[in-house]
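Letter by letter, the chains look like this.
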Amino acid sequence: MSDQLDISKVARLARLKLSEEEAAEFTPQLATVLSYIDTLNELDVEGIEPSAHAKPVFAEPRADVPGESMPVELLEQNAPSFAQDQIRVPRVVES
Amino acid sequence: MLNTKTISEIKAGYAGGDFSPVDVITSLESAIAEQDAQIGSYLSRNVETALKAAESADLSLPLGGVPIAIKDNINVLGEPCTCASKFLEGAYQAPYNATVITKLLQAGAIPFGRANLDEFAMGSATENSAVQLTRNPHDLERVPGGSSGGSAACVAGDLAIASLGSDTGGSIRQPASHCGVVGFKPSYGRVSRYGLVAFASSLDQIGPLTKSVTDAAMLTNVLAGHDPLDSTSLDAPTLDYTQGLDEGVAGKKIGVPKEYLSDDLHPDVKKAVQTAIAALEKEGAEIVEVSLPHTKYCVPTYYILAPAEASSNLSRFDGVRYANRSNDVTDVLSMYENSREEGFGPEVKRRILLGTYVLSSGYYDAYYIKAQKVRTLIMRDFNEVFEQVDALIAPVAPEPARKIGENANDPLQEYLADIFTIGANLAGIPAISVPAGTAEVDGKQLPVGLQILGPHLGEQTVLQVARAWELLRDAE
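First to last, the sequence lines map onto chains R and A.
To convert, count from 1 in the first sequence and add 267; that's my numbering.
To convert, count from 1 in the second sequence and add 4; that's my numbering.
Derived by calculation from the structure, the hints in this document are not laboratory data.
Please note: incorrect hints may appear among the correct ones.
Said to hold, decoys possible - From the structure, some residues in chain A lie toward chain R, with a derived Cβ separation under 8 Å:
no., residue
1, PHE23
2, LYS262
3, THR305
4, GLU341
5, ASN342
6, GLU345
7, ILE373
8, THR380
Source: prediction; values computed, not measured.
All C-beta atoms, glycine included, are put in the ideal place defined by N, C-alpha and C.
Input sequences plus hints: build the corresponding full structure.
In structure tokens:
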């Protein structure tokens with residue numbers, strides 16, 4: 268399976284722009300890791316239930332009670348670009 | 005020399021009026037100023053704030069006036085939380101407290117100093133920190149382990165009384181083992197993860213690194229408990245873990261997993277484990293050989309599940325709401341891609357790529373679902389074994405701390421060293437590393453840890469066995 272890793276495609280899916288050097292470095296490293304991971308193929312897992320967590324997690328919703336929001340100033344202080352109480356980003360919708 | 009003291013000793017000193025919290029902070033600060041340029045355990049610290057807290061500390065509280073160093077992936081209101089990443093360095097100040105910090109503050113503790121780590125806690129040597137190198141206080145040419153390498157090194161070097169770390173695949177226990185301190189990972193769900201920057205949410209757990217098992221129990225008392233802000237936090241009763249700590253091991257059944265005592269171990273590591281087994285048996289523990297047949301599949305399972313969860317968790321680092329945004333932005337996509345390219349270091353990128361790949365269309369079932377099924381088998385191994393025994397005893401790492409730079413460009417070699425610690429994370433069970441002598445490498449004596457694992461929510465048993473071993477070790 269591991270020979271099918273198309274690093275530029277995976278990088279695109281991950282929203283990572285890789286330099287040529289990085290792509291050249293990571294490709295064999297990831298191939299080695301993936302071929303090691305393939306040792307799992309020795310196991311027959313037919314009929315075994317997958318576990319997302321070690322213990323069943325009953326994500327219990329909290330009571331729907333309004334609480335205090337984080338002050339806008341704290342969000343502003345961490346935002347890369349901020350104006351008029353809002354986070355600024357490049358244009359998202361085509362004009 | 006107040007910096008060398010344990011939490012218990014500090015509390016006794018406060019109670020006897022021998023010294024004050026200001027004296028302790030001052031002693032730590034002078035030790036840090038003298039030695040941390042070499043060790044590199046801290047990324048930042050705010051002495052003024054700590055001294056101010058020390059002046060008004062309520063010594064009647066469980067951890068009143070006790071300074072605790074915090075791994076730099078846990079949010080402390082108003083402090084940086086860099087995760088040792090260029091993405092966050094200089095760009096982020098925590099706008100809230102993690103629940104563990106709120107609990108420490110309520111118990112009177114003083115969070116003091118931010119400990120170095122592998123970037124986003126991804127690594128086993130703290131060499132993946134994008135900010136600085138941390139050196140092992142026992143041998144400055146060697147790594148402290150990781151990812152909580154700063155948290156372990158500051159305690160080992162007496163630059164902290166105790167610290168908090170996080171453990172996703174051994175990140176508290178392995179550096180504790182390499183640095184010769186106690187490191188405890190409680191059961192999954194025992195300690196709230198709210199405010200811990202998420203790496204692999206189904207595996208991450210916060211825990212203490214300390215100079216004694218008693219200190220680990222004291223900190224666990226404060227950290228443990230249900231938190232409505234973490235939906236995976238367990239609503240299970242907690243105990244006073246310092247009670248019954250000296251109960252001993254007489255009548256306890258302790259299992260030795262045969263897969264964990266392979267010939268691949270450094271001979272001195274194997275000897276350390278066997279010495280502890282013999283000592284505990286002499287003390288009245290019943291020792292039985294047990295089997296965890298899926299042990300060899302722990303590493304491959306982990307390196308599917310952890311990167312998969314990481315690739316999802318780290319998608320929040322997009323340059324939009326916080327952290328650094330690239331200056332090279334023409335549209336939304338270039339903002340994402342360039343910010344992430346500039347912000348993340350190589351190991352984080354590798355894991356995001358690996359995680360994205362195993363979750364991608366066509367590979368999801370073959371990798372991700374398969375690994376989740378093997379996780380079930382690994383959990384079953386532990387469940388079956390804990391029907392026979394009260395606790396397990398094992399090594400923490402196959403070798404003592406390696407030299408700085410030794411596994412550069414060989415990520416797989418680095419991953420394989422996690423073999424004995426990952427099982428506890430996959431199964432969600434508590435496990436501790438306690439110092440157990442040394443191993444000789446290149447003529448130097450390097451610390452070796454002994455691992456004790458217990459059933460889910462079996463914190464008390466784990467701490468009791470650890471304390472029993474600690475007493476036997478010190479009596480030798």
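Hint by hint, where does the structure go against what was stated? Just the numbers, ascending.
1 and 2
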